[in-house]
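Protein chains in written order, with our numbering: chain A, 1 to 214; chain B, 1 to 190.
No lab work stands behind these hints: they were computed from the structure.
None of these values were measured; they are calculated from a predicted model.
For every residue, glycine included, the Cβ atom is placed at its ideal position computed from N, Cα and C.
A few of these clues could be false.
Unchecked claim - Which stretches of chain A does chain B cover? Using the computed rule of at least three CB atoms under 8 Å from a CB of chain B, they are: (1) 172-178; (2) 195-206.
As the list claims (entries may be wrong) - Quick list of simulated restraints, FRET-style, between CB atoms: (3) B:149 - A:39: 36 to 46 Å; (4) A:110 - B:143: 23 to 33 Å; (5) B:115 - A:88: 29 to 39 Å; (6) A:51 - B:65: 34 to 44 Å.
These are the residues of each chain, in order.
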Amino acid sequence: MKTTLQHPTLRLLAALMLVVAWLSSVSAHAADGYSVGSVARDFSLKNIDGKTVSLKNYTDAKGFIVIFTCNHCPYAKAYEDRIIALHKAYAPQGYPVIAINPNDPKIQPQDSFENMIQRAKDKAFPFPYLFDETQEIAKTYGATKTPHVYLLKKNTATNNALEVAYIGAIDDNTDDASAVKEKYVELAIAALLKGQTPAITSTKAIGCSIKWKK
Amino acid sequence: MNTFNYRQRLWWCFVLVCIAHLMNTPFACTQPRKPATATANAIQPTVHVVNFEQLQSYLQPQRDTLNIINFWATWCKPCVEELPYFQRLQREQPLLPTVIAVTFVSLDFKRALERTVRPFAAKRELHKHGGRVLLLDAGNPNAWIDRISKDWSGAIPATLGIAPTGKTLFKEASFTYDELKAFVQQLQTP
Numbered sequence: 001m002k003t004t005l006q007h008p009t010l011r012l013l014a015a016l017m018l019v020v021a022w023l024s025s026v027s028a029h030a031a032d033g034y035s036v037g038s039v040a041r042d043f044s045l046k047n048i049d050g051k052t053v054s055l056k057n058y059t060d061a062k063g064f065i066v067i068f069t070c071n072h073c074p075y076a077k078a079y080e081d082r083i084i085a086l087h088k089a090y091a092p093q094g095y096p097v098i099a100i101n102p103n104d105p106k107i108q109p110q111d112s113f114e115n116m117i118q119r120a121k122d123k124a125f126p127f128p129y130l131f132d133e134t135q136e137i138a139k140t141y142g143a144t145k146t147p148h149v150y151l152l153k154k155n156t157a158t159n160n161a162l163e164v165a166y167i168g169a170i171d172d173n174t175d176d177a178s179a180v181k182e183k184y185v186e187l188a189i190a191a192l193l194k195g196q197t198p199a200i201t202s203t204k205a206i207g208c209s210i211k212w213k214k
Numbered sequence: 001m002n003t004f005n006y007r008q009r010l011w012w013c014f015v016l017v018c019i020a021h022l023m024n025t026p027f028a029c030t031q032p033r034k035p036a037t038a039t040a041n042a043i044q045p046t047v048h049v050v051n052f053e054q055l056q057s058y059l060q061p062q063r064d065t066l067n068i069i070n071f072w073a074t075w076c077k078p079c080v081e082e083l084p085y086f087q088r089l090q091r092e093q094p095l096l097p098t099v100i101a102v103t104f105v106s107l108d109f110k111r112a113l114e115r116t117v118r119p120f121a122a123k124r125e126l127h128k129h130g131g132r133v134l135l136l137d138a139g140n141p142n143a144w145i146d147r148i149s150k151d152w153s154g155a156i157p158a159t160l161g162i163a164p165t166g167k168t169l170f171k172e173a174s175f176t177y178d179e180l181k182a183f184v185q186q187l188q189t190p
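For reference, chain A alone in the conformation it holds in the complex:
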C-alpha cells in the first residue's frame, strides 16, 4: 500500500475517491430527510389561490400539520375528509393543516396544479393546498408517499424553530374511518398542547409513492 500510493497519479486518484465517497455520503444523508427532533425548513410554495404560502407568515400558530398528499391516490383520497376535520379541530388551537402535493404531473397528470384547484374546490378544502413543483420540500423533508404527515412544533425557546414532533400516518385505518382505534396525529397534537412529548412519534402506513421527476 505504502509503495503504490507513493506514485503521484495514484495519490491523486486516492484523494479523488475520498472526495467522491464523502460527497455521496453527504447526498445520501440529505435523501434520508427529517427524523423526529429535526428542525424543519420553511418554504414558499404556490397555493391553489395563486398566492404564495410560507410558514413564517403564521405568526399565531403553535405548529403545523404538514401533509404531503395529492389528488389521484386512493389512500390520500380516503383521508381527505379526515384531513379537513383535523384542520377544523386544530387550526383554532394553533395547529393548521398545510397540504402539499409533491407529485410530478408529467408522470401523474391527475396531480396537475389545475386539478389541485378543482379538487380543493370540490372538497371545499379549508386549508392551503400547495404545489411543490420542484419537489425540493418533499425531498428535504424525506417524504416518500402520499399521504405522509410531518407534525411541526414551534419551539419558542429556540427562536421559533420548527421542530419535527411526529412523522407518519394520520391514524391506523385508511380504509374505514369509523373503525379507527388510534388517531396518531390527534394524540400527538394533544400531547404537544399539554406541553408533553407525544407517546408515539413515528408510524408507517401504506401510501402511493411520490412521483419523482425523471
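Based on these hints, arrange chain B on the given structure of chain A.
Using the frame of chain A, we list chain B on its own:
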C-alpha cells in the same frame, strides 16, 4: 407474380392460417383459440384474501425456490407498469435450477376485490407462468410494515425477495426488467 391478384393472395393467406391452426389443434380453423390460462393444469385466476399471519407462510425460505413478493395495487401506475417484468422473469426463469416464484400482493382496499382486483388479475394473466395473487387485508399497516422490511416506508411499489438460504433483499421503488434481473441475481449470490 403479377398474375397473383389481391383475392388470390388473400385466399392463400387464409389457407396458410388454417394449416397453421390445424397443426396446433385437432379442430378446424373456425375453433376459437382457448385462453392460455386454460391450458395444461387449468389454472383458475384466484385471488386469495390473506391476513398478515397467512402472508407470512409465503415469506418462508423454500428449497430450490427464490420467492419474490411484489406489493402493488391496481390503481398504482408504477406498480402496474412493472408487473409484466415479474411475469417475464417467471417465464424466462434465468436462475434455473433455482425456480423463481412470484407472489403479487395487492394492497387494494378489500371492497375492490370482486369489482377490480379479480378482473384485473384475470385480464393481465397474473397467474400465467405460476404467479400467485393475494390481497392483503392485515389491519393497521404500522403493525406489519416493519415486519416485511425496516427499510420500507410504506410506499408502493415495493418488492421483497427471499432466497433459499434465507437471505432477503428489499426494494421500495419500481424496476426495469434489467434491474429486476440484477435484483434476483444479487439475491441468489450467497
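message = Tell me the numbers of any earlier hints that the structure contravenes, in ascending order.
response = 3, 6
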